[in-house]
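Chemist: Listed below, chain by chain, are the residues.
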Amino acid sequence: MMDFSIHITGFVALYIFMLAGFAGWVIIGNVPAILHTPLMSGSNFVHGIVVVGGIFTLLNASTVQEQAIGFVAVLLGAGNAAGGFAVTDRMLAMFQMSGHQTKHAKPHHAKKASRHATKA
Amino acid sequence: MLKAIEQLSIGATDLAGIAQLTIGATYLVAAFLFMYGLKRMSSPVTAPSGILVAGVGMLADVLVSFLYVFDVSAAAKPHLTVNLGLAVLALVVGGGLAWWGGKKVAMTAMPQMVAIYNGMGGGAAGAIAAVELFGNKAQGVTQLVVTLIGALIGAVSLSGSVIAWAKLDGVIHKPLRVRGQQFLNGVVLLATLAVGGYLIFALQDGTDPLITPMITMPRLIYLFFGLALLYGVMMTLPIGGADMPVVISIYNAFTGLAVGLEGFVLQNPALMIAGMVVGAAGTLLTLLMARAMNRSVSNVLFTNFGGASKRKRSHLKGSLKPTEAADAGIFMRYAKSVIIVPGYGLAAAQGQQKLYEFVKLLQASGVSVKFAIHPVAGRMPGQMDVLLAEAGVPYDLIFQLDDINEEFKTTDVALVIGANDVVNPEARTDKSSPIFGMPILNADQAKKVYVVKRGEGKGYAGIVNPLFYADNCNMVYGDAAAVLAKMIEAVRGLSAQAA
Chain A
0 MMDFSIHITG
10 FVALYIFMLA
20 GFAGWVIIGN
30 VPAILHTPLM
40 SGSNFVHGIV
50 VVGGIFTLLN
60 ASTVQEQAIG
70 FVAVLLGAGN
80 AAGGFAVTDR
90 MLAMFQMSGH
100 QTKHAKPHHA
110 KKASRHATKA
Chain B
0 MLKAIEQLSI
10 GATDLAGIAQ
20 LTIGATYLVA
30 AFLFMYGLKR
40 MSSPVTAPSG
50 ILVAGVGMLA
60 DVLVSFLYVF
70 DVSAAAKPHL
80 TVNLGLAVLA
90 LVVGGGLAWW
100 GGKKVAMTAM
110 PQMVAIYNGM
120 GGGAAGAIAA
130 VELFGNKAQG
140 VTQLVVTLIG
150 ALIGAVSLSG
160 SVIAWAKLDG
170 VIHKPLRVRG
180 QQFLNGVVLL
190 ATLAVGGYLI
200 FALQDGTDPL
210 ITPMITMPRL
220 IYLFFGLALL
230 YGVMMTLPIG
240 GADMPVVISI
250 YNAFTGLAVG
260 LEGFVLQNPA
270 LMIAGMVVGA
280 AGTLLTLLMA
290 RAMNRSVSNV
300 LFTNFGGASK
310 RKRSHLKGSL
320 KPTEAADAGI
330 FMRYAKSVII
340 VPGYGLAAAQ
350 GQQKLYEFVK
360 LLQASGVSVK
370 FAIHPVAGRM
380 PGQMDVLLAE
390 AGVPYDLIFQ
400 LDDINEEFKT
410 TDVALVIGAN
420 DVVNPEARTD
430 KSSPIFGMPI
440 LNADQAKKVY
450 VVKRGEGKGY
460 AGIVNPLFYA
470 DNCNMVYGDA
480 AAVLAKMIEA
490 VRGLSAQAA
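Chains A and B supply the protein sequences, listed in that same order. In case it helps, numbering that gives the first Met the number 0 puts the first sequence at residues 0 to 119. In case it helps, numbering that gives the first Met the number 0 puts the second sequence at residues 0 to 498.
Looking at chain A on its own, in the form it has when it is part of the complex (with noise of 0.2 Å):
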């Protein structure tokens, strides 16, 4: 008989509450201002695991009305992960292209002088 079932009850679920929080509080202590708005978009994204909750919630209902809120629950779970995901990418991105330039001096040049030479 396997039963790898989780049971989290009472002070176990302080500490992890406590750990969890302190961990979030840390990590995000050292995060500069230039990433603040990325930073909550990303933890926006993070907090969209709700749609597992969802899923579970869904595949265990059993009348009409658990159906359709549980249907409720997965599609807006789904929009806030892939939403928060496509979003903190995109700004993410744009950082990787701007530090991309300051390691390269003149990049527009540079370009320029490479397309030339692959058109010749």
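Read the hints as simulated data drawn from the structure, not as lab findings. Each statement offered as a hint is correct.
The calculated SDA-like cross-link candidates involving lysine to any residue, where the alpha carbons are at most 20 Å apart (straight line), are:
no.: 1; chain 1: B; residue 1: Lys-102; chain 2: A; residue 2: Met-93
no.: 2; chain 1: B; residue 1: Lys-446; chain 2: B; residue 2: Gly-317
no.: 3; chain 1: B; residue 1: Lys-447; chain 2: B; residue 2: Thr-322
no.: 4; chain 1: B; residue 1: Lys-408; chain 2: B; residue 2: Ala-469
no.: 5; chain 1: B; residue 1: Lys-136; chain 2: A; residue 2: Ile-5
no.: 6; chain 1: B; residue 1: Lys-485; chain 2: B; residue 2: Gln-496
no.: 7; chain 1: B; residue 1: Lys-485; chain 2: B; residue 2: Asn-473
no.: 8; chain 1: B; residue 1: Lys-76; chain 2: A; residue 2: Thr-62
no.: 9; chain 1: B; residue 1: Lys-369; chain 2: B; residue 2: Gln-444
no.: 10; chain 1: B; residue 1: Lys-76; chain 2: A; residue 2: Ser-4
no.: 11; chain 1: B; residue 1: Lys-103; chain 2: A; residue 2: Arg-89
no.: 12; chain 1: B; residue 1: Lys-38; chain 2: A; residue 2: Met-93
no.: 13; chain 1: B; residue 1: Lys-485; chain 2: B; residue 2: Gln-352
no.: 14; chain 1: B; residue 1: Lys-335; chain 2: B; residue 2: Arg-491
no.: 15; chain 1: B; residue 1: Lys-335; chain 2: B; residue 2: Thr-409
no.: 16; chain 1: B; residue 1: Lys-335; chain 2: B; residue 2: Ile-403
no.: 17; chain 1: B; residue 1: Lys-38; chain 2: A; residue 2: Arg-89
no.: 18; chain 1: B; residue 1: Lys-103; chain 2: A; residue 2: Asp-88
no.: 19; chain 1: B; residue 1: Lys-136; chain 2: A; residue 2: Thr-8
no.: 20; chain 1: B; residue 1: Lys-38; chain 2: A; residue 2: Leu-18
no.: 21; chain 1: B; residue 1: Lys-136; chain 2: A; residue 2: Gly-9
no.: 22; chain 1: B; residue 1: Lys-76; chain 2: A; residue 2: Val-63
no.: 23; chain 1: B; residue 1: Lys-359; chain 2: A; residue 2: Met-93
no.: 24; chain 1: B; residue 1: Lys-369; chain 2: B; residue 2: Tyr-394
no.: 25; chain 1: B; residue 1: Lys-136; chain 2: A; residue 2: Ala-67
With chain A held as given, fit chain B onto it using these hints.
Modeler: For chain B alone, coordinates are given in the frame of chain A:
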């Protein structure tokens, strides 16, 4: 025959066990990936990979959660096929639409997009709580209380985020206030808590909570959610647009908390950990933002700042002095140093690209150019950094308030584009000003100040800015992108003449 059935049922429990093991192990790995991903987002260099790391964790969690089909309750077994179909449909539709929206939206509209996605998360947490309540699934008073608190927070976050979105998107223009707003809000909150308290009492008792035929349990649950949603709306409506970033950040933390609490109810450690990490991180982020505006969070929520100021403005000295964009452009071409203060107006006009083009022209002429970013420039902390990065501005040109504020004194020109409240010297001097005490960029201390602005209107906070009337300040009226185009043209014209 009997033996075969027995073996089959053992096979089923084994399968459930394997599913539980796989789910548990994946959640563990994903919890690590979420925190490691957020950690990587703490530096611009590693940030783009940070979101990918967290994304992998999310994808793994979502995929593995379908293993729950091997471990559903007996009551749900007959509905499994339908439920599975519904889950896939909801994932594809909800995820697909949001993905499409997130890819398509303009960078300037990001804050309200975050608000909407955040509201969705709060709504999902609320919906999970609703299923628990309607089915009376919670075991024990603790779970019931936690379910209700999560439901309340999730619902407030949902309706509050929608209002925040409407405000940022311009659907709702002015803060809506009625006499005795705080009192009314308090009444609604108390009513919500009272209904919640009664639900706890009735649901855990197991007796029929029917008082009259009108008040049934489902109706009470509907009432609870209705009141919670109403409270979210009423709490957000009176808050001015300038404070929306802080409000969105609060609701972000709220949703995280709601998700964590519902995670406890569902006995799901992935939700508990991810939710609580965001709950704490969002709280800290909110405090940082509020501190940047020199206001406390309770101040933001309960003191209706951000509307039009009614105070008389009799002590304004000087006058508004409009000038031509071309003149301003040429003046800067011959300056030694220029500090640019960008604000939301620049973003709204989509002028970032033109601005960087102008900056490159100035740099080519030997002018030292720097960008000064106020912590709450734009509509969200860091948003201006993102927009400048979008235009390709290297981030070694971008300076935060504390790093550059001393340099204004020794700078020839401060070019303020579409920013207003963040350079309002009243914040330093006028104790009666609603923004008194907020750290501002000392653009007024530069030898010359140009302010690019669409018109003579007030800033987002609705306060008159004495900087605009100062002797060393000239106004350049017009759309930021159009003004910058004229400046570029003027400076190019000079170079052409020289050649």
